[in-house]
Amino acid sequence: MFKAIVSASTLRDALDSVSVLVDECKIRLNEEDLSIRAVDPANVGMVDLTLDAAAFESYEADGGVIGVNLGRLEDIAGMANSGDLVHLELDEETRKLHIEMEGLSYTLALIDPDSIRQEPDIPELDLPASIVVEGAQLDRGIKAADMVSDHIALRVDEAEEAFYIEAQGDTDDVDLKLERDDLIDLTAGPANSLFSLDYLKDMNKAIPKDTEVTIDLGEEFPVKLHYEFAEGLGHVTYMLAPRIQSD
Amino acid sequence: MGNSDLRSLASITELPFAECTGSTVAVDAHNWLYRYLTTTVKWTNDAVYTTNDGTEVANLIGVIKGLPKFFEHELVPIFVFDGGVTELKDDEVERRREQRRDAEEQLEAAKERGDAVAAARLEARTQRLTETIQETTRELLSILDVPYIDAPAEGEAQASYMNRIGDVDYVGSEDYDTLLFGAPRTLRGITSKGHPELMDLEATLDRHDITYEQLVDVGILCGTDFNEGVHGIGPKTAIKLIHQHGDLFAVLEARGEHISHADRIRELFFDPPVTDDYTIRTDVNPDVDAAREYVVDTWEIDASEVERGFERIESSMVQTGLNDWL
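Protein chains in written order, with the working numbering: chain F, 3 to 249; chain Z, 2 to 327.
Here are the computed distance ranges between Cβ atoms for each label pair:
| no. | chain 1 | residue 1 | chain 2 | residue 2 | range |
| --- | --- | --- | --- | --- | --- |
| 1 | Z | 272 | F | 3 | 53 to 61 Å |
| 2 | Z | 207 | F | 234 | 48 to 56 Å |
| 3 | F | 124 | Z | 272 | 42 to 50 Å |
| 4 | F | 69 | Z | 12 | 20 to 28 Å |
| 5 | Z | 9 | F | 127 | 49 to 57 Å |
| 6 | F | 55 | Z | 20 | 27 to 35 Å |
Here are the computed lysine to any residue pairs in the SDA-like style, where the Cα-Cα straight-line distance is at most 20 Å:
| no. | chain 1 | residue 1 | chain 2 | residue 2 |
| --- | --- | --- | --- | --- |
| 7 | Z | 66 | F | 44 |
| 8 | Z | 70 | F | 45 |
| 9 | F | 203 | Z | 322 |
| 10 | Z | 194 | F | 43 |
Not close to chain F: a few residues of chain Z, all C-beta gaps over 10 Å, as computed:
| no. | residue |
| --- | --- |
| 11 | 36 |
| 12 | 77 |
| 13 | 233 |
| 14 | 234 |
| 15 | 268 |
| 16 | 285 |
| 17 | 294 |
| 18 | 295 |
| 19 | 298 |
| 20 | 299 |
| 21 | 301 |
It is worth saying that the hints were derived from the structure and are not from the lab.
None of the values given here were measured: they were computed from a predicted structure.
No residue lacks a Cβ here, since even glycine has one placed at the ideal position from N, Cα and C.
Okay, chain F solo, but in the shape it has when bound:
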């Protein structure tokens, strides 16, 4: 059983954060929240999302799992205005999701959850450094790096208490230095890892610019990016595997 009403913007924020990595996913309709966990086909980037029942206008679920084509669901959600409410109801018989908004009603065929790739295990990482920045600052660093290279280094200088976003291209280099005062918070520790910009750009697309992003970082370790949406009732954690540093 699943029946819920949610604002179109909250639904879109949730879907966008997952669709940047995968085309299809399983959605767990737990009693207390809705959750999604997915990894991209190459096993490089992962998303773990929960949206609390309180983020919905109303929410009733009893622990079922549905499989959805994210592109289709996003297209439907895209038909609503941000302020509109979207009604969702699962028809257990036909395994279809009924979606209604402002007079528009849509029946979405679901995908057999067993045909969707298994949800990944989450690596347990003990990451020594933690940086809290505004989404807009991270966006600026990623956009600058993208001008010169296809990979990006994230680094903490413990002595300077500064966070660096760096990229080296064939001819040009880019550095963005953010000192403690520029950051919302910093736990300094040994941290320096290199990442593919393709992935980070996609994740960055989904991160709201006005949100706080927590970046957990180590030395040649995956990075964890957390942020909240839906007024703190939605939580997203991205995890991205590093590239091997060549020198």
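Fit chain Z to the supplied structure of chain F, relying on the hints for placement.
The following block gives chain Z in isolation, referenced to the frame of chain F:
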């Protein structure tokens, strides 16, 4: 090559790369190279893939363009080259050679007429795996640390055998004959656009409610690399006849038909010449610089044709996966 009639019988589904990442694949090397040669040669100016003295090495472009797909999805290819020609296949090989000679003559004619389209199509058909192509492919695979083995006879029989005994997860081939060689799982189109197709033997047998032996009989009735099929018997009819009569010989008797060497052809599928003399290695560490030197400097391939492939190989080597931290 092989019999595409089998496609209509085979259970074939798309297999997302996500579901086969980390697998080993025994690739029918000739089948794979042939495909690349026919496409590379079709679209590329011949100056790009021949040396100054006119030796054709389009295979090197094919290898560099095709391999990244394997690496990017953490698939380990084991290339299986053909050994000697199976005796029975001699007639078929001879027939194909004749076809090629015909194509070559038509090609000359097309070139004289200035018919570029016809010439390009014919050129594709006249490609063969020359000594140089065989040697340079092996050499390049060695430099890239990609494992390969030499089959005693048919590469696809050897690859299917390795899959059957569980030494590799999949066979990689565009041929449907891997079903007849008893390969449980064949991946088609690994290096094509999009996701590969999985051809599943068990599901194929279930779909038609026949045994593996009966599937081979169906194949022989429709025609294989080793024999012409029986005139007027297509895949659907063949299944029906096998259901009705039980096996190949009963069908032939009932229809008053004859296939020469039918016994030996069956044996070639059931028990082809294969070897156990190989080791499966999954730690592949390509020397991309050496490969670049080999392809661009030694064999004079236009760098612009292969640079993107080399870059993809390089970046697939440096990206780690999240499962490394589980």
